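K.L.:
Protein chains in written order, with numbering that gives the first Met the number 0: chain A, 0 to 483; chain B, 0 to 99; chain C, 0 to 117.
Watch out, some of these pointers could steer you wrong.
What the hints assert, rightly or not - Distance condition first, Cα-Cα at most 30 Å in a straight line; then the derived BS3-like pairs of lysine-lysine:
id	chain 1	residue 1	chain 2	residue 2
1	A	K37	C	K111
2	A	K447	B	K50
3	C	K110	A	K37
4	A	K354	A	K272
5	C	K111	A	K155
6	A	K38	C	K111
7	B	K50	C	K84
8	A	K447	A	K370
9	A	K155	A	K353
10	A	K38	A	K447
11	A	K447	A	K437
12	A	K155	C	K110
13	A	K354	A	K370
14	A	K38	C	K84
15	A	K155	C	K84
16	A	K272	A	K406
17	A	K189	B	K50
18	A	K354	C	K111
19	A	K447	A	K155
20	A	K38	C	K32
21	A	K354	A	K447
22	A	K353	A	K447
23	A	K354	A	K155
24	A	K189	C	K58
25	A	K205	A	K155
Read the hints as simulated data drawn from the structure, not as lab findings.
Source: prediction; values computed, not measured.
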Amino acid sequence: METIAIPAVNLAAIMPETVLSVVGMILLLINVFLPTEKKAYLGYLSLIGIAVSLFYTMNGWGTPQEGFNGSVLLDNFSHFFNVIFLLCSALTILIADQYVQREECNHGELYPLILFATTGMMFMASGTDLMTIFLGLEVLSIALYILAGFARNNVKSNEAGLKYFLLGAFSTCFLLYGMALTYGATGTTKIAGIAQFIAQNSILSKNPILLVGMLLMAVGFSFKIAAAPFHMWTPDVYEGAPTPITAFMSAGPKAAGFAAFLRVFLVALPMFKAEWTSLLWALAVLTMTFGNITAIYQNNIKRMLAYSSIAHAGYALVGFVAANEVGVAGILFYLLSYTFMNLGAFAIIILVGKKGEPNNNVSDYAGLSVKHPALALAMSVFLFSLMGIPPTAGFVGKFYLFSGAIKSGYIWLAIIGVLNSAASVYYYLRVMVFMYMKAPEEDFAWLKVTPAFFVTVVIAIAGVLVLGVAPQYFLKLAQIAVMI
Amino acid sequence: MLTHHSYLILSAILFSLGALGVLIRRNAIIIFMCIEMMLNSVNLAFVSLSKYLGNIDGQIFVFFIMTVAAAEAAVGLALMIAFYNNRESVEVEDLNVMKW
Amino acid sequence: MLGAYLPIIVLVIVAALFGLVSVVMSSIIGQKKPSPVKLQPYECGCEPVGSARERFSIKFYLIAMLFILFDIECVFLYPWAVLYKRLGLFGLAEMGLFIVILFVGYIYVWKKGALEWE
Numbered sequence: 000m001e002t003i004a005i006p007a008v009n010l011a012a013i014m015p016e017t018v019l020s021v022v023g024m025i026l027l028l029i030n031v032f033l034p035t036e037k038k039a040y041l042g043y044l045s046l047i048g049i050a051v052s053l054f055y056t057m058n059g060w061g062t063p064q065e066g067f068n069g070s071v072l073l074d075n076f077s078h079f080f081n082v083i084f085l086l087c088s089a090l091t092i093l094i095a096d097q098y099v100q101r102e103e104c105n106h107g108e109l110y111p112l113i114l115f116a117t118t119g120m121m122f123m124a125s126g127t128d129l130m131t132i133f134l135g136l137e138v139l140s141i142a143l144y145i146l147a148g149f150a151r152n153n154v155k156s157n158e159a160g161l162k163y164f165l166l167g168a169f170s171t172c173f174l175l176y177g178m179a180l181t182y183g184a185t186g187t188t189k190i191a192g193i194a195q196f197i198a199q200n201s202i203l204s205k206n207p208i209l210l211v212g213m214l215l216m217a218v219g220f221s222f223k224i225a226a227a228p229f230h231m232w233t234p235d236v237y238e239g240a241p242t243p244i245t246a247f248m249s250a251g252p253k254a255a256g257f258a259a260f261l262r263v264f265l266v267a268l269p270m271f272k273a274e275w276t277s278l279l280w281a282l283a284v285l286t287m288t289f290g291n292i293t294a295i296y297q298n299n300i301k302r303m304l305a306y307s308s309i310a311h312a313g314y315a316l317v318g319f320v321a322a323n324e325v326g327v328a329g330i331l332f333y334l335l336s337y338t339f340m341n342l343g344a345f346a347i348i349i350l351v352g353k354k355g356e357p358n359n360n361v362s363d364y365a366g367l368s369v370k371h372p373a374l375a376l377a378m379s380v381f382l383f384s385l386m387g388i389p390p391t392a393g394f395v396g397k398f399y400l401f402s403g404a405i406k407s408g409y410i411w412l413a414i415i416g417v418l419n420s421a422a423s424v425y426y427y428l429r430v431m432v433f434m435y436m437k438a439p440e441e442d443f444a445w446l447k448v449t450p451a452f453f454v455t456v457v458i459a460i461a462g463v464l465v466l467g468v469a470p471q472y473f474l475k476l477a478q479i480a481v482m483i
Numbered sequence: 000m001l002t003h004h005s006y007l008i009l010s011a012i013l014f015s016l017g018a019l020g021v022l023i024r025r026n027a028i029i030i031f032m033c034i035e036m037m038l039n040s041v042n043l044a045f046v047s048l049s050k051y052l053g054n055i056d057g058q059i060f061v062f063f064i065m066t067v068a069a070a071e072a073a074v075g076l077a078l079m080i081a082f083y084n085n086r087e088s089v090e091v092e093d094l095n096v097m098k099w
Numbered sequence: 000m001l002g003a004y005l006p007i008i009v010l011v012i013v014a015a016l017f018g019l020v021s022v023v024m025s026s027i028i029g030q031k032k033p034s035p036v037k038l039q040p041y042e043c044g045c046e047p048v049g050s051a052r053e054r055f056s057i058k059f060y061l062i063a064m065l066f067i068l069f070d071i072e073c074v075f076l077y078p079w080a081v082l083y084k085r086l087g088l089f090g091l092a093e094m095g096l097f098i099v100i101l102f103v104g105y106i107y108v109w110k111k112g113a114l115e116w117e
C-alpha cells in the first residue's frame, strides 16, 4: 500500500494566523485561572501576540508565500489587509478594557475571541480557495456572533447577538450555494483554477449556472460588507453590541469582506466583469444613498455611525465598480483610513458613555468643547475625516475612489458619490454643532481618560492626519498590493 | 432514472423551502432549523456534483460545512438561551428593543 | 440488481402486517374493562409523578451543545482512520495537532464548570 503524497506544507504562508490563534488558545487557558480583576493582563498579552503577528506580516512584504496545495497565498494584497485587521484589533483591545469594567461584563474571553476573529479575517484575505475563504468567514462570524452578544445581562446586546446570528447564518447559506454552483460549473474550488477553466471554455461565460453562482456569492459578500439591500442587520447589531465591538465590526470584518469579495471577483471571475460591474453599480448607488439619507434621521450616535458605515461601504464599492488600479488601490487605502477614523470616533463615544450606555444621543455631546476641548477637537478631526474634508485621510481616500470611477468612464457614479458625501456633511456637522455651540446640560464629571485611551486616540489622529497629508507612500503600497 | 440532475433539483427545492421557512416562521429555533436545512441542501449539491465531476473537492467541502454548522448550532443555542433568560421568549417578534 | 433486495422487502411487509394485525385483532376481540389505574400513562409500573409536558432543565441544552461540538470531530477522525496507514506519520501528527486543539477547548469547558451538573 503506497503512502499518499503529502502536499507541501508551507508554514510561512500561515505564520501570522498561526501566531494569533496559538496566542488566543493560550489566553483562553490562562483566563480560567485568572481572577476577574486581573483580566486586563490578557489584553496586554494579546497585544504582544498582535505585535508578533504584525512583525511576520511586515517581514513578508514583497515575498509571496503559497502553501497547502494552493489554498493559501500570502501575497502583498493579504499583507496590506492583515495590517488593517491587526491595527483594528489592537485598537479595539486598547479601548475595550475600560468599557468592560464599566459595563460589568469583564469576561476574559473577549480577548481570545477578538484574536480568533482576526485570524478568520486574515484567512479571508489570504484564501485562494473557496474553502479557505468560507472557513475564514465562519471563524470570523462565529466569534463575532458571540462578541455582539457579549454583555450577557444586557437585553440589547442579547438581541444584537441573536439577530446577527440568524441573519448571518442565513446569508452564509447563499454564499455557500453560490460556491456549490460555481464548483459544479467549473469543477474546482481553487480561485485560479476557476479563472483558468472559464478562460479555456469561453462558452461557459454564457452558462446560467455560473451566473447564478456568481450572483449568490455577491449576495453573501454584500451581507458581510453591509451593502444595501442586505444591510438590514447593521443598525440594530451596531446599536446593541458593546461599543468596542461595534467599533471592531465596523472596520475589520468589513475590510475582510471586501478582501474576499475583491479576490474572488477580480481573480476568479474577470470574464464576467460586464455582468458584475453593472450589478455592483446598482449596489453602490443604493448603498450610498440609503445609508446617508437614513443617517440624517438618527439621534442615537451609534446608530448614526452604523448608517454612515453603510454609506462608506457604498463609497468603497465605487472603487470596486471601477475595477482599475486606481479604484482598487483606493479601496485598500480607504479601508485603512476608515479603520483609523472610525475607531477613533468610537473611542470617544465609549469615553462619553456611562454605565448602561445612556449617553449615546447626539444631544449628550452638547458643550463637550467647553469641558474637554481636546476631546472635542479629536472628535472633530474624526468627523471631518468621515465627511471627506481635506487635509484628512477620508478626503484622499474618496478622491482616489471617485477618480478611479471617472477613469473607467463611470462619470455618473462619481457624481452620485460626491453628492452623497455632500449630504453626509449634514449629520456629521450636527454632532459638531452640539459640541461647540450648545451649552452643556451635565458637567461631564465622569470622564476619565486612561493611558490606553490616550494612546488609541493619538494613534487614530496620527493615522488620519498622516494618511491625509502625505498619502503617496501608502498609496504606492496599496498599488503594489492590488497587483494580484 | 436518477441522475445528478435529480439531486441538484432536490437540493434546490430544499434550499428554497429552507429560505421560505426563514422568512415565514416566527420562532428563532425553527428559523435556525430552516437554516440548517439550507446548509444541508448545499451539502447535497456538493456531494452530487462531486460524484458527477469525479472530483473529491466537493466532499471535503462538505466536511467543513458540517463542522461549521455544528459550531454555529452551539453558538446559536447559547445566544438563544441568553436571550430567553432575559426576555422569556425566543419569538422573533420579541427582538424589538431597537427600532429605527 | 434490485432483485437482491426482494427478501428485505418481503420481511418489511411481513413485519408491518404482523404489527398491524395484532393491534387490530386485540382491539376487536379483546375485553375492555377500563379503570382509572389502567388509564394512567405507563411509566415502568411506577405511579406517574407530575405532567409529562414539563420544561427541560437548561442544563440539558448545555450538555447538548458540548456534545455536538465534541461529536463532530468524528467527521475528521473517520476518513483519517480509514486511510491511517497510507497517510503515515504526517497524518498522525496532523491528527495529534487537531486533538490538542480540541483538548484546549475541553480544558476550558472543564475549568469553567460546564461539566458539573449541580
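K.L.:
All hints, please: hold or fail.
P.N.:
Here is what the structure says about each hint:
no., hint, verdict
1, K37/A <-> K111/C, "holds (17 Å)"
2, K447/A <-> K50/B, "violated (63 Å)"
3, K110/C <-> K37/A, "holds (17 Å)"
4, K354/A <-> K272/A, "violated (50 Å)"
5, K111/C <-> K155/A, "holds (25 Å)"
6, K38/A <-> K111/C, "holds (15 Å)"
7, K50/B <-> K84/C, "holds (25 Å)"
8, K447/A <-> K370/A, "holds (12 Å)"
9, K155/A <-> K353/A, "holds (16 Å)"
10, K38/A <-> K447/A, "holds (20 Å)"
11, K447/A <-> K437/A, "holds (22 Å)"
12, K155/A <-> K110/C, "holds (29 Å)"
13, K354/A <-> K370/A, "holds (20 Å)"
14, K38/A <-> K84/C, "violated (46 Å)"
15, K155/A <-> K84/C, "violated (53 Å)"
16, K272/A <-> K406/A, "holds (16 Å)"
17, K189/A <-> K50/B, "holds (18 Å)"
18, K354/A <-> K111/C, "holds (27 Å)"
19, K447/A <-> K155/A, "holds (25 Å)"
20, K38/A <-> K32/C, "violated (69 Å)"
21, K354/A <-> K447/A, "holds (13 Å)"
22, K353/A <-> K447/A, "holds (11 Å)"
23, K354/A <-> K155/A, "holds (14 Å)"
24, K189/A <-> K58/C, "violated (43 Å)"
25, K205/A <-> K155/A, "violated (47 Å)"
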